[in-house]
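Could you put the whole structure together from the sequences, leaning on the hints where they help?
As given, the protein sequences belong to chains E and W, one line each in that order.
The first sequence: position 50 = 84 (the numbering used here), numbered continuously.
The second sequence: position 218 = 252 (the numbering used here), numbered continuously.
FYI, nobody ran anything at the bench for these hints, they're computed from the structure.
Since this is a predicted model, take the numbers as computed values, not measurements.
The C-beta atom is built at its ideal place from N, Cα and C for all residues, glycine as well.
25 Å max Cα-Cα, derived DMTMM-like pairs, lysine to aspartate or glutamate: (1) E:K61 - E:E77; (2) E:K67 - E:E197; (3) E:K81 - W:D320; (4) W:K326 - E:D259; (5) W:K326 - E:E251; (6) E:K326 - W:D259; (7) E:K301 - W:E287; (8) E:K81 - E:D100; (9) W:K326 - E:E166; (10) E:K301 - W:D267; (11) E:K326 - E:D176.
Listed next, with one range per pair, are the computed distances between beta-carbon atoms: (12) E:G180 - W:S154: 52 to 60 Å; (13) W:E306 - E:E306: 40 to 48 Å; (14) W:E306 - E:A303: 36 to 44 Å; (15) E:G305 - W:E68: 34 to 42 Å.
Computed footprint of chain E on chain W; a stretch qualifies when at least three of its residues, placed anywhere within it, have a C-beta under 8 Å from a C-beta of chain E: (16) 162-176; (17) 179-190; (18) 223-229; (19) 266-280; (20) 283-290.
2 protein chains.
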Amino acid sequence: MNSEKTIERLALIGVGLIGGSLVRSLKQAGVVKEVIGVARTRETLQKALNLGVIDRAEAEVEAAVDGADMVVVATPLQAMPPIMSRLDNCLGEHAVVTDVGSVKHYVVTTANLHLSRNFSRFVPGHPVAGRENAGVEASGPDLFRGRTVVLTPVEATDPAATETVATMWRNTGAAVRYLGAEAHDRILAATSHLPHIVAYALVDFLAQQPESDLLFELAAAGFYDFTRIASSDPVMWRDICLTNGDALCAVLEGYRANIDRLLDAVKSANGEALLTCFERSKLSRDTGLMNKTSAEQ
Amino acid sequence: MNSEKTIERLALIGVGLIGGSLVRSLKQAGVVKEVIGVARTRETLQKALNLGVIDRAEAEVEAAVDGADMVVVATPLQAMPPIMSRLDNCLGEHAVVTDVGSVKHYVVTTANLHLSRNFSRFVPGHPVAGRENAGVEASGPDLFRGRTVVLTPVEATDPAATETVATMWRNTGAAVRYLGAEAHDRILAATSHLPHIVAYALVDFLAQQPESDLLFELAAAGFYDFTRIASSDPVMWRDICLTNGDALCAVLEGYRANIDRLLDAVKSANGEALLTCFERSKLSRDTGLMNKTSAEQ
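Put into structure tokens, the structure is as follows:
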């Protein structure tokens, strides 16, 4: 296993925060020779060229993929089906394909449906990292350092392709972890999708109040930290909700039951129930953070 | 109006994050000559002495208040009634009293009940600032710089006392704002108390899951930013819930209705409803933050 395996030509389909950060990181590590970008708009491609994120821009997937040994699909989830269809007709026979989508069952199903003979060289992936600013202009080479990238290969996936993608991610400074697609989606529903919904619901509730200007003015700095994730890309999050609906509904219902319990405790002035919940919550978070921080060092 | 009016002797009842930060800030500005501290434990008093936060420690409220021209009550809310009772018997006739409690209607009622002839020199106050680490060891002189302090004087409050307390807070770098106690409690229920409940409910939900260790391990860094406020002091937050129950229930019910609407949208795969909510939420937060940042500059 060569941990510094160089990619000769990487085709990046979708040039945004995640895709841009990936190729910046690989370029900085010197493990990619050439990056060809495809994006929805000319403007994005021009920005990516100006920033040196991509070396060449192409308008069509087919031209970008020609001669590529690595293809990374980094678009919103709902843009993937037509892209996969087109990829199936133009991929080189040794090209490895991966994606960065936040919902893996949907991506695996889509790839299985559209990639036919190339499906074995498709390695589903999800870097668990991000920031609220979207777009290639927000990308940077350090976004994945110390983060986890989850790969969810299936039985049909070629182990050599999986290893190639894992090596690529390790070269960004990320740790690679393997999970089944369903387990990934269930876990991310709880740790990422639910918190986003909770934050959107909170900010939206405040925005609907008659005195909302005063509310936002008097909110402490902590409020803006807390709601930072409610400034994430709305289209991306709509797609996540639509493609991971079952797992998200399950955690949303469980969370709502917790809100109901706390509401009952406030109504009945049950100080002991409130204190128990707050103490358990603080302990879990402090412990989780401590373990995480020591694991990342 | 002398904006640098010096406090001769400040009695600090409750030596924690907020009280400690207040006197550190006043000392740094050179606008307090002597600080006498009272706390529940000897250990806290010794720490505060070692850190130079207080100049003298007293075990009893009466001894601390003797000769003080300013008395700051900075304890959890439910500790206030017996303290107010004791203060009423030992306050000097020109001493100004204030507090830093997060729920003002409760504090005004408590003070009105216990302070009798001294009530006119009691100025209810709330610095809208904090951090998740509690205790005098987490205090610092810059906690209130650029923040808002809300004062909620009532009709019986002596305007000169209000001005003395406002000057003290301005000397910490804070802006002072006047509101009625009910308006304060309603607004803070939405912008501070509700977000804390939401965060506690979320972390507690994850902690109850069978695979919670894996959940906390795979949570992105954003999750820990998001849930930072769920590491706040449980006793303080229990007291806030118990003393601002009505306003908190009202916003919790409104928020829950928003969660229900989003749950319905996910269940029925209503992408447009989801997108509308996410876009409105992002716009409100981005606008609120922009206004806030420019106002603080």
